[in-house]
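K.L.:
One-letter residues, chain by chain:
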Amino acid sequence: MGMDMKMAWRNVWRNPRRTWLTISAIGFACIILIFMLSFQFGSYGTMINSAIQINTGHLQIQAENYFAEKSMRQVVPEPGPVIRSASGIESVQAVTARANAFSLVSSDNRTGGAMIIGVDPESEAQVSTLETLVRRGEFLTEAEPASNPALIGRLMARNLQVGIGDELVVLGQGRDGSVAATALTVCGIYASGMDEFDRSTLHMPLDTFQEVYSMRGAVHEIVVKVSGLNHVAPVKRVLAKRLDQMPGGDSLTVLDWDELMPGLTQAIKLDLTIGVIFWALLVLVVAFSILNTFLMAVFERTREFGVMMAIGTRPGRLVWIMLYESTAMTLVGIGLGIAMGCMVTWIFQHIGIDLSGASEILQQYGISGRIYPQLSIITALAGPALVLIVTFAVSLYPALKIKSLKPVEAMMHV
Amino acid sequence: MKRIFAALAVLMCFAAAGHGRINDPDPRELVKGAVNYLRGKTSQAVVEMTIHRPDWQRQMTIKAWTEGRENSIFWIAAPPKDRGNGTLKRGDEMWIFNPKVNRVIKLPPSMMSQSWQGSDFSNNDLAKSDNIVDQYTHEIIDRQTHQGKTVYVIRSLPKPGAPVVWGMQELKIREDHILIRQAFFDEDQELVKALTMEKIEMLGGRLYPVKWKMQKADQKEEYTVLDYQSLEFGLDISDRIFTIASLKNPRL
Numbered sequence: 001m002g003m004d005m006k007m008a009w010r011n012v013w014r015n016p017r018r019t020w021l022t023i024s025a026i027g028f029a030c031i032i033l034i035f036m037l038s039f040q041f042g043s044y045g046t047m048i049n050s051a052i053q054i055n056t057g058h059l060q061i062q063a064e065n066y067f068a069e070k071s072m073r074q075v076v077p078e079p080g081p082v083i084r085s086a087s088g089i090e091s092v093q094a095v096t097a098r099a100n101a102f103s104l105v106s107s108d109n110r111t112g113g114a115m116i117i118g119v120d121p122e123s124e125a126q127v128s129t130l131e132t133l134v135r136r137g138e139f140l141t142e143a144e145p146a147s148n149p150a151l152i153g154r155l156m157a158r159n160l161q162v163g164i165g166d167e168l169v170v171l172g173q174g175r176d177g178s179v180a181a182t183a184l185t186v187c188g189i190y191a192s193g194m195d196e197f198d199r200s201t202l203h204m205p206l207d208t209f210q211e212v213y214s215m216r217g218a219v220h221e222i223v224v225k226v227s228g229l230n231h232v233a234p235v236k237r238v239l240a241k242r243l244d245q246m247p248g249g250d251s252l253t254v255l256d257w258d259e260l261m262p263g264l265t266q267a268i269k270l271d272l273t274i275g276v277i278f279w280a281l282l283v284l285v286v287a288f289s290i291l292n293t294f295l296m297a298v299f300e301r302t303r304e305f306g307v308m309m310a311i312g313t314r315p316g317r318l319v320w321i322m323l324y325e326s327t328a329m330t331l332v333g334i335g336l337g338i339a340m341g342c343m344v345t346w347i348f349q350h351i352g353i354d355l356s357g358a359s360e361i362l363q364q365y366g367i368s369g370r371i372y373p374q375l376s377i378i379t380a381l382a383g384p385a386l387v388l389i390v391t392f393a394v395s396l397y398p399a400l401k402i403k404s405l406k407p408v409e410a411m412m413h414v
Numbered sequence: 001m002k003r004i005f006a007a008l009a010v011l012m013c014f015a016a017a018g019h020g021r022i023n024d025p026d027p028r029e030l031v032k033g034a035v036n037y038l039r040g041k042t043s044q045a046v047v048e049m050t051i052h053r054p055d056w057q058r059q060m061t062i063k064a065w066t067e068g069r070e071n072s073i074f075w076i077a078a079p080p081k082d083r084g085n086g087t088l089k090r091g092d093e094m095w096i097f098n099p100k101v102n103r104v105i106k107l108p109p110s111m112m113s114q115s116w117q118g119s120d121f122s123n124n125d126l127a128k129s130d131n132i133v134d135q136y137t138h139e140i141i142d143r144q145t146h147q148g149k150t151v152y153v154i155r156s157l158p159k160p161g162a163p164v165v166w167g168m169q170e171l172k173i174r175e176d177h178i179l180i181r182q183a184f185f186d187e188d189q190e191l192v193k194a195l196t197m198e199k200i201e202m203l204g205g206r207l208y209p210v211k212w213k214m215q216k217a218d219q220k221e222e223y224t225v226l227d228y229q230s231l232e233f234g235l236d237i238s239d240r241i242f243t244i245a246s247l248k249n250p251r252l
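From first to last, the protein sequence lines are chains W and Y. One point on numbering: in the numbering used here, the residue at position 205 of the first sequence is 205, and numbering is uninterrupted. One point on numbering: in the numbering used here, the residue at position 34 of the second sequence is 34, and numbering is uninterrupted.
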């Protein structure tokens, strides 16, 4: 056994150039797989986090059918106790309440439809990044409350041709079906990088919203921010249990970001599927080049195998030696690949990859500026493991070919 | 030879059935007559609108003036909270007025398919209710009787390229020009909603459907009812009432 391995190792280095070529093919495949996988997971992380931080939050408490029907009348009637209960859970960082209404928004010479969102300025700033997205003017907290401030998106400002200090008229329908109308003054303009959000949302203080839309203290969403994506599921369970015990809580439901943004997870799944197909093709190419190397080795050494069999080596032992050889090369290749791949990925993880050139398309997914690949055990090992399995399977064929050799014929082979 | 004659006879029967009876009226004239009958040359009405939903219901009183098929203006008279909110329609365009912010807003095209005041009538139903006459081709597909009078069932398909919302409409018009039912279908010929006239009485000097019910398909508990409280035709209405300036001064 020990001698077989020693022989295999020496055989590997009998033709160093060919060996290095094979090893580098395996190594490069590993580097690419590690980097691409980390890059993809990094961009998904960016997408999810920016979507969560800009608006959705990790978890939302809503009335039972509000998410599906978005009807004005499906409310959380008394948000106070729910907010207090949610804030008390460990790993919940911040909680805020919002109310939404689709309405007409009209400037002096333009009119359009918009989602009017009533937010509590102070707690909103802790839950979402809205405050930091304000590019011109100021956030709702700093604006004069008597002026009925409104915060609008960059594209809405452009479509309605308004700037800071201009007046907007909002006209919609209140919770009781009555006409809801008010005049607002633009206090700030935000740019989130998500075009749809910047085009169609208007934020105003929650108390003004509740008055204008006859909400009688009710809200539509209670948004919860937790300390990380991995805390979402446990907090959701605790919240659901607490809601059940609350009077009137059975008409409420807890939704996580995945349920609130089904389009996002679908986009990620689609992208991942395309990635998997691409990697499979890459591994296939590597597999063929390795098959070629191993096959050539067998042909070249047919005479050698004949001699060894003639002096009494069993074919099975030769097969094992061949398999040791290929495994040794693969392991060296994968080892180097993992080391190099992790290094390259780690470097980019720290400096980031500038994607501002392609930002038009990526903005729709909430990716703006830089993407940071995310190195993890999965991204570092999934690709190399695949390469290991495939190269081993491929090396079986030439190794087993030795079994069919006849010593005399093999020795005649030049 | 006999066989051929028999076959021809059968064919002709089918042909006759397919084209309807010879003495059928022109379907377009029927539709036009029905729309004109509902509107009169000019009209002034007080209507009570009830919006019904499974868990709530809401009532409004509306005062409306119309002129021909083109112009109309109406204000909400009750409840007090909404009093003075007005809507003006001229041709295909609509403006709304809210007294609280004292502003007139022209409805953008993107909002035309939204519901009017949360009812089952969309802005389009109000603004484009007349283009049924010109933008559609009409065909009589059936006859029925209603209170002893003949009712024509008319299928109206939009003309190619016509700027309309519906994929098909089906109208039931009585021989005395009274519209009995108007059903709206989408592009896949699926019923979306239907307007049914439930009570026909003498009002404003003529037989008139005094109760209109607009109901979404498959939604028993979601409908909007228009109940005519009073109606007058042929008033001498000044042209100036159908203007933006007049919209700002509710005539209540």
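It is worth saying that the hints were derived from the structure and are not from the lab. Treat the hints with care, since some could be wrong.
[What the hints assert, rightly or not] Per the computed footprint, the stretches of chain W lying under chain Y, defined by three or more beta-carbons under 8 Å from a beta-carbon of chain Y, are:
id : region
1  : 111 to 118
2  : 170 to 183
[To be verified] What follows is a set of in silico ranges between Cβ atoms, one per label pair, in the way DEER data are often shown:
id : chain 1 : residue 1 : chain 2 : residue 2 : range
3  : W       : ILE164    : Y       : GLU201    : 27 to 35 Å
4  : W       : MET343    : Y       : ASP188    : 40 to 48 Å
5  : Y       : ASP92     : W       : GLN266    : 36 to 44 Å
6  : Y       : ARG206    : W       : PRO81     : 25 to 33 Å
7  : W       : ASP195    : Y       : GLU48     : 41 to 49 Å
8  : Y       : ASP218    : W       : PRO145    : 42 to 50 Å
9  : Y       : LYS216    : W       : PRO81     : 35 to 43 Å
10 : W       : ASP195    : Y       : GLU93     : 43 to 51 Å
11 : W       : ARG110    : Y       : GLU222    : 28 to 36 Å
12 : Y       : GLU48     : W       : PRO81     : 55 to 63 Å
13 : W       : ASN230    : Y       : ASN102    : 47 to 55 Å
14 : Y       : ARG206    : W       : ASP195    : 50 to 58 Å
For every residue, glycine included, the Cβ atom is placed at its ideal position computed from N, Cα and C.
K.L.:
Against this structure, judge whether each hint is valid.
P.N.:
Results for each hint:
{"no.": "1", "hint": "111 to 118", "in the structure": "holds (count 3)"}
{"no.": "2", "hint": "170 to 183", "in the structure": "holds (count 9)"}
{"no.": "3", "hint": "ILE164(W) <-> GLU201(Y): 27 to 35 Å", "in the structure": "violated (58 Å)"}
{"no.": "4", "hint": "MET343(W) <-> ASP188(Y): 40 to 48 Å", "in the structure": "violated (58 Å)"}
{"no.": "5", "hint": "ASP92(Y) <-> GLN266(W): 36 to 44 Å", "in the structure": "holds (39 Å)"}
{"no.": "6", "hint": "ARG206(Y) <-> PRO81(W): 25 to 33 Å", "in the structure": "violated (59 Å)"}
{"no.": "7", "hint": "ASP195(W) <-> GLU48(Y): 41 to 49 Å", "in the structure": "holds (44 Å)"}
{"no.": "8", "hint": "ASP218(Y) <-> PRO145(W): 42 to 50 Å", "in the structure": "holds (46 Å)"}
{"no.": "9", "hint": "LYS216(Y) <-> PRO81(W): 35 to 43 Å", "in the structure": "holds (36 Å)"}
{"no.": "10", "hint": "ASP195(W) <-> GLU93(Y): 43 to 51 Å", "in the structure": "violated (29 Å)"}
{"no.": "11", "hint": "ARG110(W) <-> GLU222(Y): 28 to 36 Å", "in the structure": "holds (33 Å)"}
{"no.": "12", "hint": "GLU48(Y) <-> PRO81(W): 55 to 63 Å", "in the structure": "violated (40 Å)"}
{"no.": "13", "hint": "ASN230(W) <-> ASN102(Y): 47 to 55 Å", "in the structure": "holds (53 Å)"}
{"no.": "14", "hint": "ARG206(Y) <-> ASP195(W): 50 to 58 Å", "in the structure": "holds (55 Å)"}
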